[in-house]
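Heads up: the protein sequence lines correspond to chains B and W, in order.
Going left to right, the first sequence walks through residues 1 to 292 as the working numbering numbers them.
Going left to right, the second sequence walks through residues 293 to 617 as the working numbering numbers them.
Careful: at least some of the hints might be erroneous.
Calculated lysine-lysine pairs in the BS3-like style (CA-CA distance at most 27 angstroms, straight line) [claimed, not checked]: (1) W:K413 / B:K33; (2) W:K413 / B:K85; (3) B:K175 / B:K163; (4) B:K279 / B:K161; (5) W:K476 / B:K85; (6) W:K530 / W:K454; (7) B:K256 / W:K530; (8) W:K300 / W:K599; (9) B:K256 / B:K161; (10) W:K454 / B:K175; (11) W:K300 / W:K413; (12) B:K175 / B:K85; (13) W:K478 / W:K325; (14) B:K279 / W:K413; (15) W:K478 / W:K300; (16) B:K33 / B:K119; (17) B:K33 / B:K175; (18) B:K279 / B:K33; (19) B:K161 / B:K175; (20) W:K325 / W:K413; (21) W:K599 / B:K85; (22) W:K413 / W:K454; (23) W:K300 / W:K530; (24) B:K215 / B:K163; (25) B:K163 / B:K33; (26) B:K33 / W:K599; (27) B:K286 / W:K413; (28) B:K215 / W:K530; (29) B:K256 / B:K215; (30) W:K325 / W:K447; (31) B:K175 / W:K413.
Derived from the structure by calculation, the hints contain no laboratory data.
Below, each chain spelled out in residue letters.
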Amino acid sequence: MVQLIQTFISGLSLGSIYALIALGYTMVYGIAKMLNFAHGDIIMIGAYAGIIAVGQAGLPPVLAIIASVLVCTLLGILIERFAYKPLRQASPLSVLITAIGVSYFLQNVALLVFGSQQKAYPTLLTLPAIHLGRVTVDGMSLLTLALTAVIMICLHLFISKTKLGKAMRAVSEDKGAAEIMGISSNRTITLTFAIGSALAAFASIFYGMTYVYIKPTTGSMPGIKAFTAAVFGGIGSIPGAMLGGIMLGIIEQFSKTYISTLWADAIVFGVLVIVLVLKPTGLLGKEITEKV
Amino acid sequence: MKKKHVSKNVLTLCAVAVLYAVIAYMLYSGGLKRQVTNMLIPTSVYIVLAVSLNLVVGLLGELSLGHAGFMSVGLFSGCLVSIALVDVLPTPLRIVISMIVGGLFAAVAGLIVGLPALRLKGDYLAIVTLACGEIIKNVITNLDITGGPIGLNTKPIYTGAKGLLPYAIALVFVTVIVMMNLKKSKIGREIMAIRDNRIAAESIGINITYCKLAVFIIAAFFAGAAGCIYGHAFANVKAASFDYNMSIEILVLVVLGGMGSVSGSIIAAIVLSVLPEALRGFSDYRMLAYAIVLILVMLMSNNPRIKALREKLKLRRSGRKEGAA
């Protein structure tokens, strides 16, 4: 029973990291109808930014967090401007291949700049483990869980209450109609990339503090799993990304604890395949009927 | 029009044949450097992989990110058969049988991956193929029979480039000929019709299920057979090296060579295998260069100005031809 609860909580915390990353995928997909394959690598860059900010520049943790958010946001905007914007009218296949190219580009630039040796993420703060009866909960997992919950609520309020959020919803619903109403779809798409990348920066901080070691390929596995989570929840749907991320984290943690660490990845991807076969648009995705 | 098509294919085949004839002559007369010799088999394998992936990406128009997984299935099943038969059968028969077995196992994997593909398309399909590739990698890494994480010891069946080249050449030719004929055959045209407009294709009675499965099975078969040869060229193979990065590398070949173009895939596979060897000092930048080239090719091929220029050139060329006639 104790193990069950502990597994559940660490699953939730892992899942909330996935959910943060998955939000970036899903928002961009909802609005630009493209898979930003490079999203995972933005996390990696964010993590390196944190390492440099604390390790070399000697900034205090709060400034380091701001620095890594700024770096990621800027990077997201730049990628959108130079790689994706010229391809607005192109076929989905070319956009996806470009995104794969960007992902490779970021990984290899990081490899050249930082080397293949893994680097340790600085400890921004240390938290004591919390004991609840016989259950011991890692302080970091609880903090991750609480902070991602706060971030998600803010995001939800932003999208449902503010004017910019409304513009984002309008563009993802119908680009043409939104433009007629005076919404600049290009600017909205840039904004979406900026928000998605900022979320990736937060994910990089949680990831770095939980898993510590960062190398140029660090972003790809959580990136792919979060992408899986977004598809699992129904890509384009924001509640879907949260649900998918958290479920995926729990599934992964449970299979690690109760089945085998070695098979965890296979199980996670297996679940994805089964869900997609049974419900091709994911858990909360909208069914799109093709018109002739 | 049809005549021109045939002659172009024959031209490609002749070019490949001449190239291989020269290489084989140099190899067996001992005039080839060791570096070049070591590259022969992997390059041939990459040609087969690129040409077979082109069937899925170029002809069917679906993105498959699990091609390395099929290769891995063929590699391990084929090599295990080959190891088991090493004292039983003479070498040529053994290698051919193991290639076929590897191909068949990969084809079964292709069928299994192809089944979900029937309900999915586009980005969803891409992620499922990626997931399947990772599952295959994970399963092979965790099986005892394939050597687990240490990898499969293929020393007993290790065959040098001199021994393997004939099989590699044969496989390249079979793959290229099958792909070329498939493109012109009824089913090939049906596949392209599905790519261009699925609903229209369905409404004129094309069996989409059958076509899609056929594409996945054929592509996987060749990837598996190529994998089997690849395994024979090394003394140890690990499943972990056939991950989605490798699938993407194969995809790069297809995209650079031109989607749907057999000769393009061949040229891209050769160039991208030879270039990094030729520019050894440049090896750190190899993947970076791949990435930049990939992005630039996509940006340029979708640039409206370049597109317009291309149309103009095409018009002028066809105009000249009509004038001559």
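Here is how each hint holds up against the structure:
1. Between the alpha carbons of W:K413 and B:K33 the distance comes to roughly 14 angstroms, so the proposed pair stays at or under 27 angstroms and holds.
2. Straight-line distance between C-alpha atoms of W:K413 and B:K85 comes to about 24 angstroms, which keeps the hinted pair within the 27 angstroms bound.
3. Restraint check for B:K175 and B:K163: the C-alpha separation of about 16 angstroms stays at or below 27 angstroms, so the hint holds.
4. With a CA separation close to 31 angstroms, the supplied pair B:K279 and B:K161 exceeds the 27 angstroms bound.
5. Using a Cα cut-off of 27 angstroms, the hinted pair W:K476 and B:K85 is violated, with the two alpha carbons roughly 37 angstroms apart.
6. Proximity of W:K530 to W:K454 is assessed by CA-CA distance (about 23 angstroms); at most 27 angstroms being required, the pair is judged to hold.
7. A distance of roughly 23 angstroms separates the Cα atoms of B:K256 and W:K530; the hinted pair therefore holds under the 27 angstroms criterion.
8. With a CA separation close to 24 angstroms, the supplied pair W:K300 and W:K599 stays within the 27 angstroms bound.
9. At most 27 angstroms may separate the alpha-carbon atoms for a hinted pair to count; B:K256 and B:K161 exceed this at roughly 40 angstroms.
10. Of the supplied pair hints, the one linking W:K454 and B:K175 is violated, its CA atoms being roughly 60 angstroms apart against a limit of 27 angstroms.
11. Using a Cα cut-off of 27 angstroms, the hinted pair W:K300 and W:K413 is violated, with the two alpha carbons roughly 32 angstroms apart.
12. Of the supplied pair hints, the one linking B:K175 and B:K85 holds, its CA atoms being roughly 15 angstroms apart against a limit of 27 angstroms.
13. Only pairs whose Cα atoms come within 27 angstroms are accepted, and W:K478 paired with W:K325 is rejected, the gap being roughly 45 angstroms.
14. Under the criterion of a C-alpha separation no larger than 27 angstroms, the hint pairing B:K279 with W:K413 is consistent with the structure, at around 13 angstroms.
15. With a CA separation close to 19 angstroms, the supplied pair W:K478 and W:K300 stays within the 27 angstroms bound.
16. As the CA atoms of B:K33 and B:K119 are separated by approximately 35 angstroms, the hinted pair breaks the 27 angstroms bound.
17. The straight-line distance between the Cα atoms of B:K33 and B:K175 is roughly 11 angstroms, inside the 27 angstroms bound, and the hint therefore holds.
18. The straight-line distance between the Cα atoms of B:K279 and B:K33 is roughly 20 angstroms, inside the 27 angstroms bound, and the hint therefore holds.
19. Between B:K161 and B:K175 the alpha-carbon distance is near 20 angstroms, which keeps this suggested pair within the 27 angstroms criterion.
20. With a C-alpha separation of about 46 angstroms, the suggested pair W:K325 and W:K413 falls outside the 27 angstroms cut-off, and the hint is violated.
21. Only pairs whose Cα atoms come within 27 angstroms are accepted, and W:K599 paired with B:K85 is accepted, the gap being roughly 17 angstroms.
22. Simply put, W:K413 and W:K454 have alpha-carbon atoms about 43 angstroms apart, too far for the 27 angstroms limit, and the pair is violated.
23. In summary, the hint linking W:K300 to W:K530 is not supported, as the alpha carbons are separated by about 39 angstroms, beyond the 27 angstroms threshold.
24. Between B:K215 and B:K163, the direct Cα distance comes to roughly 39 angstroms. Violation of the 27 angstroms bound is thereby established for this hinted pair.
25. Straight-line distance between C-alpha atoms of B:K163 and B:K33 comes to about 22 angstroms, which keeps the hinted pair within the 27 angstroms bound.
26. For the hint linking B:K33 to W:K599, the alpha-carbon distance of about 23 angstroms falls within 27 angstroms, and the restraint holds.
27. With a C-alpha separation of about 15 angstroms, the suggested pair B:K286 and W:K413 falls inside the 27 angstroms cut-off, and the hint holds.
28. Restraint check: the Cα-Cα separation between B:K215 and W:K530 comes to about 22 angstroms, which is no more than 27 angstroms; the hinted pair holds.
29. Restraint check: the Cα-Cα separation between B:K256 and B:K215 comes to about 23 angstroms, which is no more than 27 angstroms; the hinted pair holds.
30. The straight-line distance between the Cα atoms of W:K325 and W:K447 is roughly 23 angstroms, inside the 27 angstroms bound, and the hint therefore holds.
31. About 23 angstroms separates the Cα atoms of B:K175 and W:K413, which keeps this hinted pair within 27 angstroms; it holds.
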